[in-house]
Amino acid sequence: MFVFFDQLRQLNLASILLRLTLAMLFGGLIGLERERKRRPAGFRTYMLVCLGAALTLLLSQYEYHMLMTEWAEQAGEIGIRTDVSRFGAQVINGIGFLGAGTIIVTGRQEVKGLTTAAGLWASACMGLAIGAGFYECVLLGFLLIFLAIRLLPYVENSIVENARNMNIYVEFQSLDDVGAIINRIKSQDAQIYEVDIERGREENLLRPSAVFSVRLHQKQAHTRVLAAISEVEGVYTIDEI
Amino acid sequence: MSAFFDSLREINMVSVSVRMLLAVVCGGVIGMEREYKRRPAGFRTHILICLGAAMTTLTSQYLFLYMHYYTDMARLGAQVVAGIGFIGAGTIIVTRQQRVKGLTTAAGLWTSAIVGLALGGGFYEGGIFTTVLILLAELVFARLEYRMLENAPEINLYMEYTDRVCLEKVLKLFRELNLKILNLEITRPTGSEHHNACAIFSLRLNKKCKVEKLLADIHATRGVLSVEEL
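Chain order of the listed sequences is F and D.
Going by numbering that gives the first Met the number 0, the first sequence opens with residue 0, and the numbers climb by one from there.
Going by numbering that gives the first Met the number 0, the second sequence opens with residue 0, and the numbers climb by one from there.
Hints are not guaranteed to be accurate.
[What the hints assert, rightly or not] Here chain F is said to cover these stretches of chain D; the calculated rule only asks that three of the stretch's residues, wherever they fall, bring their Cβ under 8 angstroms from a Cβ of chain F:
1) 29 to 42
2) 58 to 70
3) 74 to 85
4) 121 to 134
5) 173 to 179
6) 223 to 229
[Stated by the list, open to error] With a straight-line Cα cutoff of 27 angstroms, these simulated DSS-like cross-link-like pairs (lysine-lysine) come out:
7) D/212 / F/36
8) D/179 / D/212
9) F/218 / D/179
10) D/179 / F/111
11) F/218 / D/212
12) F/185 / D/179
13) F/111 / D/212
14) F/218 / D/100
[As the list claims (entries may be wrong)] Label pairs and their computed distance ranges (CB to CB):
15) F/160 / D/185: 57 to 63 angstroms
16) D/102 / F/71: 35 to 41 angstroms
17) F/240 / D/11: 41 to 47 angstroms
18) F/61 / D/184: 57 to 63 angstroms
19) F/179 / D/146: 27 to 33 angstroms
Note that these hints are calculated values from the structure, not bench results.
Beta carbons are placed, not taken as given, at the ideal position from N, Cα and C, and that holds for glycine.
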């Protein structure tokens with residue numbers, strides 16, 4: 000551990016200010032990266048979550064400090080001790096709730112907002128470490144979270160492109176077209192293992208749609224499969240989800 | 000316990016770095032497999048959750064071992080178990096056919112959070128071995144599953160037909176052949192008589208019944224427009 004930080008590990012005015020500022024800064028920087036991608040939770044959301052998380056641990060350290068010094072007499076009489084991680088523990092649970100609220104299931108049976116939830120949660124955990132004054136963990140944690148958000152999308156894309164499983168969302172004119180679409184998918188050397196058909200509602204101008212879960216027998220470009228399906232007559236929209 | 004890790008069980012700069020990097024690696028390995036299967040929670044989600052969980056146990060060990068506060072070392076980590084349950088709950092979908100999807104994703108996320116806890120706590124053996132087991136299960140069992148699917152006695156049939164009488168005939172045919180219908184899903188266009196209805200059957204075949212013959216039989220039924228094996 001760095002001796003350099005030792006002064007700032009104890010609870011004093013300088014360390015409190017430093018920790019709260021760090022929480023705002025690091026939370027904000029992660030949020031900024033998400034904001035750039037126009038994700039629901041942005042700059043301020045991350046900043047607030049991280050700041051709040053840091054404050055909870057500061058608060059419990061403050062109480063511990065008071066129990067040791069000014070309130071020591073009373074505390075001794077009653078025999079009370081406080082656990083410094085009790086407040087912080089609830090943050091982890093609470094931000095889990097908050098994150099669950101950012102997850103949406105779209106009309107196409109697609110789950111969205113999971114990375115936002117996970118990122119928010121991870122930055123709350125980082126906020127706890129900041130509040131505890133665990134600077135080594137914070138610096139490294141910030142770096143890793145930032146890299147995960149910044150660089151890994153590229154890795155993720157290449158995995159997706161090489162995946163042999165696809166989920167294809169298709170909108171078509173009428174249910175009579177499903178047979179042709181299924182035939183076309185199978186002619187692409189692919190196996191369908193799940194179909195989820197949704198009939199449209201004419202009064203709402205909703206077209207019938209289906210989600211096909213497909214496994215390709217050989218590695219091939221997903222766009223080729225999509226293009227092949229789009230040639231089927233009656234298909235309006237086609238999308239890989 | 001492996002003596003190899005003993006120097007990394009204390010809280011110091013090296014062990015903190017090793018634990019967090021291991022959390023990223025293990026979370027990534029679990030997530031990569033999910034991503035490859037095109038499931039909602041992918042690579043980054045697993046990494047972030049595994050890393051966050053590792054930070055919680057690290058923080059409580061730091062508070063106790065390094066700062067000597069009075070604290071229960073398991074308290075922060077214990078909340079992870081509940082908190083990630085919530086996030087996982089968000090990934091579960093109930094489709095319009097009242098089927099539940101996304102349970103494996105939720106369970107996988109939760110497991111990678113627990114792996115993160117173990118790694119952050121310095122329980123390297125547990126964390127690494129669990130990751131290896133998960134990977135093994137996913138790679139070996141998934142392959143096994145696909146192989147079983149290929150010669151499974153269960154098939155899914157997609158059928159287009161004109162009217163109800165025809166559907167009844169087909170159902171009667173299944174009864175005569177002694178085929179068990181596991182699942183039946185009928186989709187009809189609303190309001191119009193001109194369009195055809197379609198049905199998806201899940202059938203359990205018996206030994207006597209060949210798929211090709213079954214398809215031919217169904218096709219021969221009056222009113223059936225097309226029939227496909229999925």
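What hint numbers does the structure not satisfy?
Failing hints, ascending: 4, 5, 7, 9, 10, 11, 13, 15 and 16.
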